[in-house]
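Participant: Input sequences plus hints: build the corresponding full structure.
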Amino acid sequence: MKQDKIPIFFTVDESYAPYLDCAIRSMMENASKSYTYEIIVLHEDLTEESQKKLSADVKPPFQIRFLPMKDKLAGITDRAENRLRCDYFTLTIYFRLFIADLFPEYDKGVYLDSDIVVPGDISQLFQTELGDNIIAACADRSITPVPELVEYVEGAVGVPIDQYINSGILVMNLKKMREVGFSSHFLQLLQTYHFDCLAPDQDYFNAMCSGSIVYLDEGWDAMPPEGGGTGATLEHPNLIHYNLFQKPWCYDNIPYEEYFWRCAKVSPFYEDIVRHKETYSEEQKLSDRTCLGNMVRKGPEVCKQPVTFRKMGEKGEKIRVC
754 MKQDKIPIFF
764 TVDESYAPYL
774 DCAIRSMMEN
784 ASKSYTYEII
794 VLHEDLTEES
804 QKKLSADVKP
814 PFQIRFLPMK
824 DKLAGITDRA
834 ENRLRCDYFT
844 LTIYFRLFIA
854 DLFPEYDKGV
864 YLDSDIVVPG
874 DISQLFQTEL
884 GDNIIAACAD
894 RSITPVPELV
904 EYVEGAVGVP
914 IDQYINSGIL
924 VMNLKKMREV
934 GFSSHFLQLL
944 QTYHFDCLAP
954 DQDYFNAMCS
964 GSIVYLDEGW
974 DAMPPEGGGT
984 GATLEHPNLI
994 HYNLFQKPWC
1004 YDNIPYEEYF
1014 WRCAKVSPFY
1024 EDIVRHKETY
1034 SEEQKLSDRT
1044 CLGNMVRKGP
1054 EVCKQPVTFR
1064 KMGEKGEKIR
1074 VC
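Going by this note's numbering, the sequence shown opens with residue 754, and the numbers climb by one from there.
Read the hints as simulated data drawn from the structure, not as lab findings.
A virtual CB, placed ideally from N, CA and C, is assigned to each residue, including glycine.
Be aware that a few hints might be false.
What the hints assert, rightly or not - When the alpha-carbon atoms are kept at most 25 Å apart in a straight line, the in silico SDA-like pairs for lysine to any residue are as follows:
#1 K806 with Y1023
#2 K1018 with G1046
#3 K1064 with T945
#4 K806 with T1032
#5 K1064 with G884
#6 K786 with V1019
#7 K786 with F819
#8 K1068 with F819
Unchecked claim - What follows is a set of in silico ranges between Cβ atoms, one per label pair, in the way DEER data are often shown:
#9 K1057 with P978: 28 to 36 Å
#10 Q877 with L855: 41 to 49 Å
#11 V967 with E907: 18 to 26 Å
#12 D854 with T800: 24 to 32 Å
#13 V967 with D798: 44 to 52 Å
#14 N1006 with V1060: 35 to 43 Å
#15 S1040 with G884: 40 to 48 Å
#16 P813 with G1066: 41 to 49 Å
#17 K928 with G1066: 23 to 31 Å
#18 A809 with G1066: 27 to 35 Å
#19 E767 with E1011: 22 to 30 Å
#20 A809 with L855: 22 to 30 Å
#21 Q1037 with E907: 29 to 37 Å
Facilitator: Next comes the structure, spelled out in structure tokens:
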């Protein structure tokens, strides 16, 4: 599967523009100059000013373009089962599910969340051999210490905990996804069953792609341990993912925070980032802790519901896309 250009997809709304800028800067700084890259930003209500800031320092071998997604996914609405972390609805998490159909010119691509920095060479991630598999991703080690979330993953999503992936970092076999009708199967599942999810897009990826996943080295999705503190960190991570609530632009003493601030200090959004951190209130921090607790408590409850990925699969309904 040879391509002359490496496409790198992000999904973002206006609130995450400053952190996307840091992600892009770190990625450009460390990527091999032997390739050309197209950064494609799928966005919801990203202002012209933010687009100009994000574009300002993008130079060859990189280029960037923005695709507004407003009204493209009108069928996905703010229902309880579609909310991320059990607390808020954002349409942007679903954009990645439609990349294959939106970009038929590409047979393979990389998807990245915006709450990341990339100390490694992104071209090496792209070179991951996919074979006939649909995606490559890292196992989500952030939830393995939490029994309630393990119960949810295995009992509701129906995936062994060591095979449950984090969908924030993906190498995507776009050609294969088109061949198997990935996006249409997702919509059929969503509209038929309205599965209750803790991580909506991620749980669909896991349930639909189970058995067709290449597992990446954990260095491509290194996460600060939830709850802060030092925890177990990698000495030379290729990609750092400030997953869930462990954001250096919200909290002090986040593992791997030095990688983020190195990029933030040269970003045109730097003052905005500092202001956000300085004004991140105790009420907001309490809300984060409450949301995390709600998510943990909800896991076993979802397992008891009559309609889950696992239960429908056991009844013979087609959940896996292939």
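Participant: A range of 23 to 31 Å was offered for this pair. Does it hold for the Cβ distance of K928 and G1066?
Facilitator: holds, 26 Å
Participant: Given the hint of 35 to 43 Å, is the C-beta distance from N1006 to V1060 inside that range or not?
Facilitator: holds, 42 Å
Participant: With a cut-off of 25 Å on the C-alpha distance, tell me whether K806 and Y1023 pass.
Facilitator: Satisfied, since the Cα-Cα distance of roughly 11 Å is no more than 25 Å.
Participant: Starting from K806, check that the Cα of T1032 is at most 25 Å away, please.
Facilitator: holds, 23 Å
Participant: Kindly confirm whether 22 to 30 Å is satisfied by the beta carbon distance between A809 and L855.
Facilitator: holds, 25 Å
Participant: Using the C-beta atoms of V967 and D798, is the stated range 44 to 52 Å upheld?
Facilitator: Check failed, 34 Å falls outside 44 to 52 Å.
Participant: Can you let me know if the beta-carbon spacing of D854 and T800 is within 24 to 32 Å?
Facilitator: Holds: the Cβ-Cβ distance is about 27 Å, inside 24 to 32 Å.
Participant: Taking the beta carbons of A809 and G1066, is their distance inside 27 to 35 Å?
Facilitator: The hinted range 27 to 35 Å is violated for A809 and G1066, with Cβ atoms some 48 Å apart.
Participant: For K786 and F819, compute the direct alpha-carbon distance and say whether it is at most 25 Å.
Facilitator: holds, 23 Å
Participant: Taking the Cβ atom of E767 and the Cβ atom of E1011, is their distance within the range 22 to 30 Å?
Facilitator: holds, 27 Å
Participant: Has the hinted range 29 to 37 Å been met by the Cβ atoms of Q1037 and E907?
Facilitator: Taking Cβ atoms as reference, Q1037 and E907 lie about 32 Å apart, which means the hint holds.
Participant: Is the hinted pair K1064 and G884 satisfied, with a Cα-Cα distance of at most 25 Å?
Facilitator: Answer violated: K1064 to G884 is near 30 Å, above 25 Å.
Figure legend: structure checked against the earlier numbered hints; hints not met, in rising order: 2, 5, 8, 10, 13 and 18.
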